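Enquirer: Based on the sequences and whatever the hints tell you, model everything.
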Amino acid sequence: MKRTTILAGAICAALTGCDRTGDANGEAGNEAAETPAAYSSRYQPLPSKATLLTGATILTGTGERLDGADILVRDGKVVEIGNELAAEDVEVVDAAGMWITPGIIDVHSHLGVYPSPGVMAHADGNEISAPNTAEVWAEHSVWPQDPGFVTALAGGITTLQILPGSANLFGGRSVTVKNVPGRSVQDMKFPGAPYGLKMACGENPKRVYGEGKGAAPSTRMGNVAGYRKAWIAAEDYRQKREKADDGDGEAPARDLQLETLVGVLEGEILVHNHCYRADEMAVMIDVAREFGYEISAFHHAVEAYKIPDLLAENDICAAVWADWWGFKMEAFDGIRENAAIVADSGACAIVHSDDQRGIQRLNQEAAKIVGAAARVDIDIPPEKAIQWITSNPARALGIADSVGTLESGKMADIAVWDGSPFSVYSRVERVYIDGALLFDRDDPAVNPVTDFSLGTAAMTGGAK
Amino acid sequence: MRFLNTATLLAALFIACVSAAQTTAITGATVHTAGPAGKIENATIVIRDGNVAAIGTGVAVPAGSTEIKADGKIVTPGLITPFGQIGLVEVNAVEGTVDYVQRGDQFSASFDPGDAYNPRSTLIATNRIEGITHAVIAPEGQEADEFGNQSRVFSGLASVVQLSDENYIVRRGTAFVANLGETGGTLAGGSRAAALMVLRTALDDARDYARNVQAYEQGNRRKYSLSRNDIRALQELLDGSKPLLVKVHRASDISTAIRLADEYEFNLIVMGGAEAWMVADELAAADASVILDTLANLPNSFEQLNARLDAAAILARAGVRFAIGGDGASQNHNARNITQAAGIAVANGLSWDDALKALTLAPAEMYGVADRIGSLEAGKRADLVIWNEDPLELTSYPEQVFIGGEAVPMESRQTLLRDRYLDRSSGKPPAFR
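Chains as they are written, first to last, in my numbering: chain A, 1 to 464; chain B, 465 to 897.
Derived by calculation from the structure, the hints in this document are not laboratory data. Note that the structure is predicted; figures quoted are calculated from it, not measured. Check each hint, because a few of them may be wrong.
[To be verified] Incomplete in silico selection of chain A near chain B, CB under 8 Å:
1) K306
2) A374
3) V424
4) A445
Each residue gets a CB set at the ideal place from its N, CA and C atoms; glycine is no exception.
Expert: This is how it looks when you write it as structure tokens:
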């Protein structure tokens, strides 16, 4: 991928107008000012102990597999991975027979914005009031008491991107969070993670507006006209701002919608584009080319297997389900081998959930793809398949410098499994986030319980 | 071509060799019968006239029969998806292809969507090549449309079909389907109690009809709450020949359904049952069955607050008969995922044998077709699957599926799409491949 990961703090230093775009999502605000910048991350790692996990099969997320290996974690970071590591003053965990992977990352979730219970009063994921709502931020809808965060944790999820829904051409900003319990979304926000912009192709916008409201867009060509109009407005806004910064004229009034779009044009905000059909993805690549932005990932890319070459050329990840198909017309050509064909062609494949159940077992969804691929002699070993749910989503989210692989110096976000994560019978034994033990199957006292789940089976059996 | 693997070649061979008129013998496999014989190592299965003629270790391969060597493979009965709409839908969001929704008074207890079943649906081959040989197809209650029309508390009748091109109806109208709990309440006008009242009134009317057939038919009886067709159909519920399948989650709603079944002496199937584990003993005592969503562990609604992943294990311990497959992600287009749903139940404490039973014999029993399907026994239909490895494992797959003794083509629209886009050798656009 051409894009390198840039922490928002660095962006703030390098670019003017950062205060206006409200991108104070990073660490710089915390360090520089006494009062944290508005909307900034207030995530603090939970207390952790230096830990040495020994004798496990480790899938590092870099494409490597190490057998009988140890991993040393200290101060929330991975210190070392190797055989027969020695360390003092550490808690030693015998992980013989276990498998260790990076914490699982879901690039597409609606936890918190479409939480459980799924009542109308909680439906905060789609601002269905205009086809362009680039001005809304998913984080302003996130309900941190969603019990789905805890069940996802029991499935090894340590980081997730929470996106607005797909009713609109521009759905709004996403937020990337650490899967930790918080009293508010700020407690969960991944420090320094760039924002995403949710865009949507295809049936949903034209159905919601054309069919539902008798308004534009009512066709796919109407969708594309809608994107292009918005980008033209963003270009204009960007130029006016730049001129004003150079002392030429007055700065334009703040416009939340255009601030987000300009954030994309300036490379600060990553595009996550819901797009099923191959032909539509090809068109969206042209839209990006016309306005000079990059697409980080196509989400739900059911037909990615038809254009793996295009995706590779343009450095775009395909985030897909294992086998969802047929629920709508643009999902009719779904096949299980999709991600495997994308990966086998040298493009970036991601398995995502879009679902409060699927997020609990992204490893199993990946395994189904591996099994289907084997039937056509595409061999995907575990050390590669794990990248679909760790390092590749980290890359698409712009956080690959800090998570997604187990390497020295990275955040110690770790899932420990009682067997191969690609077996249906395996379960997550332990989850560490920044070195802190957040989930232990053998010790329910360790595990978080949301306010909503108090007094229900989730306290004892629901997450087990 | 690298994508033509051994399984594909084997499949081609099977199809060439096997025809219904012949005797076929499958040898050498480990067979999980799901029947009284349990697991049989190195078994021989003799198939004649679509049925299992003999099965066991040391059974002789009859002279003149076609032998299929399955050494090291695993054989199970064909899997049954216990509730859904296979053959009643192509694309959910394309209205013209959806035949399971019904709204209005004319669609109630006797509504039979089996008349709309399409054996050539793309869903059928897609699921069949993954080991699903039978499906229970059923209507779905739906809330009001833009004109205010909505479904009734009774949705209609379920049927058992086999996923073959011909002779596909195994049992027509095998169960009545109704909604209680939140959905039932909504369809009845707001309260759970209203849904129950609708059912009681209908059952009282059906009883009254049974005692006064002549008077009713001559127009000398009061008006009933349901149509004549519905009331006549419901006689088969009251006489115990067909069960009532009730969609319900909350423990208290399940208990209410059990009381109703006891009062009117009908057989009960609980569908969904997120909190069924809480009343497992009651269910067992009432000999009620459950179609369980084994992935349920979130409070999707207030009637599922106590959903938990080890519910299957709890039901098994209590002796409740249950099938696996109530999860939306393992129905219809992806009914094939019932193996995953079963594997997850095993990971959470269910025995492997009970899991297989929940995909085969248990649904056959609850729908009254276990005399023909659901287990591999002499005299039953030869519906079976040869698996490369453990059928519940995510990376396993069927090498060959048989329905009524016939090897089905191991091909679907999805395998055709796959092969078209894998084969880039010609340099021509996909449309020419």
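Enquirer: Mind checking the CB of A374/A against every CB in chain B and telling me if the closest is under 8 Å?
Expert: Status holds, d = 7 Å.
Enquirer: Is the shortest C-beta separation between K306/A and chain B less than 8 Å?
Expert: Holds - the Cβ of K306/A comes within 8 Å of chain B, reaching about 6 Å at its closest.
Enquirer: Using the nearest Cβ pair, does V424/A come within less than 8 Å of chain B?
Expert: At about 3 Å, which falls below the 8 Å cut-off, the nearest Cβ of chain B leaves the hint on V424/A intact, so it holds.
Enquirer: Tell me if A445/A is really an interface residue toward chain B, meaning its C-beta lies closer than 8 Å to one of theirs.
Expert: Because about 18 Å separates A445/A from the closest Cβ in chain B, which is outside the 8 Å limit, the hint is violated.
Violated hint: 4 only; the structure is consistent with all others.
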